[in-house]
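Hey, can you work out the whole structure from these sequences and the hints?
Those protein sequences? They're chains A and B, same order as listed.
Quick note on numbering: the working numbering labels position 46 of the first sequence as 46, and the sequence is numbered without any gaps.
Quick note on numbering: the working numbering labels position 103 of the second sequence as 218, and the sequence is numbered without any gaps.
It is worth saying that the hints were derived from the structure and are not from the lab.
The C-beta atom is built at its ideal place from N, Cα and C for all residues, glycine as well.
Please note that a few of the clues may not be correct.
Stated by the list, open to error - Keeping only pairs whose Cα atoms sit at most 30 Å apart, straight-line, the calculated DSSO-like set for lysine-lysine is:
| hint | chain 1 | residue 1 | chain 2 | residue 2 |
| --- | --- | --- | --- | --- |
| 1 | A | Lys107 | A | Lys37 |
| 2 | A | Lys107 | B | Lys124 |
| 3 | A | Lys17 | A | Lys107 |
| 4 | B | Lys124 | A | Lys37 |
| 5 | A | Lys57 | A | Lys37 |
| 6 | B | Lys124 | A | Lys57 |
| 7 | A | Lys107 | A | Lys1 |
| 8 | A | Lys57 | A | Lys1 |
Said to hold, decoys possible - Okay, the calculated beta carbon distance ranges per label pair:
| hint | chain 1 | residue 1 | chain 2 | residue 2 | range |
| --- | --- | --- | --- | --- | --- |
| 9 | B | Thr120 | A | Thr63 | 29 to 35 Å |
| 10 | A | Ser58 | B | Pro190 | 37 to 43 Å |
| 11 | B | Leu227 | A | Asn55 | 22 to 28 Å |
| 12 | A | Pro8 | B | Pro211 | 33 to 39 Å |
| 13 | A | Thr70 | B | Gln137 | 39 to 45 Å |
| 14 | A | Gln9 | B | Asp188 | 34 to 40 Å |
| 15 | B | Gly131 | A | Thr56 | 51 to 57 Å |
| 16 | B | Gln172 | A | Thr20 | 35 to 41 Å |
| 17 | B | Thr120 | A | Thr20 | 30 to 36 Å |
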Amino acid sequence: KNQVEQSPQSLIILEGKNCTLQCNYTVSPFSNLRWYKQDTGRGPVSLTIMTFSENTKSNGRYTATLDADTKQSSLHITASQLSDSASYICVVSAESGGGADGLTFGKGTHLIIQP
Amino acid sequence: NAGVTQTPKFQVLKTGQSMTLQCAQDMNHEYMSWYRQDPGMGLRLIHYSVGAGITDQGEVPNGYNVSRSTTEDFPLRLLSAAPSQTSVYFCASREPNTGELFFGEGSRLTVL
Numbered sequence: 001k002n003q004v005e006q007s008p009q010s011l012i013i014l015e016g017k018n019c020t021l022q023c024n025y026t027v028s029p030f031s032n033l034r035w036y037k038q039d040t041g042r043g044p045v046s047l048t049i050m051t052f053s054e055n056t057k058s059n060g061r062y063t064a065t066l067d068a069d070t071k072q073s074s075l076h077i078t079a080s081q082l083s084d085s086a087s088y089i090c091v092v093s094a095e096s097g098g099g100a101d102g103l104t105f106g107k108g109t110h111l112i113i114q115p
Numbered sequence: 116n117a118g119v120t121q122t123p124k125f126q127v128l129k130t131g132q133s134m135t136l137q138c139a140q141d142m143n144h145e146y147m148s149w150y151r152q153d154p155g156m157g158l159r160l161i162h163y164s165v166g167a168g169i170t171d172q173g174e175v176p177n178g179y180n181v182s183r184s185t186t187e188d189f190p191l192r193l194l195s196a197a198p199s200q201t202s203v204y205f206c207a208s209r210e211p212n213t214g215e216l217f218f219g220e221g222s223r224l225t226v227l
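See the structure below:
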């Protein structure tokens with residue numbers, strides 16, 4: 001069964017500090033992996049997409065990595081800001097199968113940035 | 116460009132009542148889907164549609180009906196609400212080339 005596991009479940013850090021969120025998956029055959037940011041009371045918004053051939057991709061202070069061999073991805077946030085407080089959801093897409101629509105969702109990491 | 120619009124944002128129902136959550140998108144995406152989000156459970160797929168006239172069940176379809184008469188609209192119907200359907204519901208459409216999901220702002224439903 002395709003699965004996506006995220007860690008930690010929740011994380012509290014001080015403003016200005018860096019942090020790394022983890023996503024491990026067993027989705028096969030792998031197509032791509034996307035990180036979404038969900039602010040409280042809002043819908044998720046895509047941050048970045050990783051395909052099989054990509055190891056690292058940056059979007060401002062967000063840097064995603066992908067190790068297709070170990071089936072692991074990370075999202076690194078540099079110099080955190082209060083606006084980074086949100087849930088971060090890892091979603092893996094299968095070439096076929098996976099969820100009914102080919103997507104397998106992680107349960108998310110809830111990040112709190114304290115001033 | 117409005118993206119994905121959901122209504123209502125909040126709704127309180129009594130057990131056994133029926134209601135429809137509305138979802139509309141203006142990006143001409145063929146694929147649309149409904150999810151529910153519960154604490155500790157993440158987003159779970161209820162129903163999805165790959166185009167007008169075509170719908171299919173997701174992971175947790177029981178108690179919900181959908182229809183897709185146009186590309187723009189994908190309403191979710193609760194025929195007889197139960198307390199277990201208390202949740203936050205998200206509608207999404209999917210960009211065909213990148214696969215990116217565009218979510219609405221969510222509808223918070225409480226069933227008493």
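**OP:** Enumerate the violated hints, using their earlier numbering and listing them in ascending order.
**Re:** 6, 11
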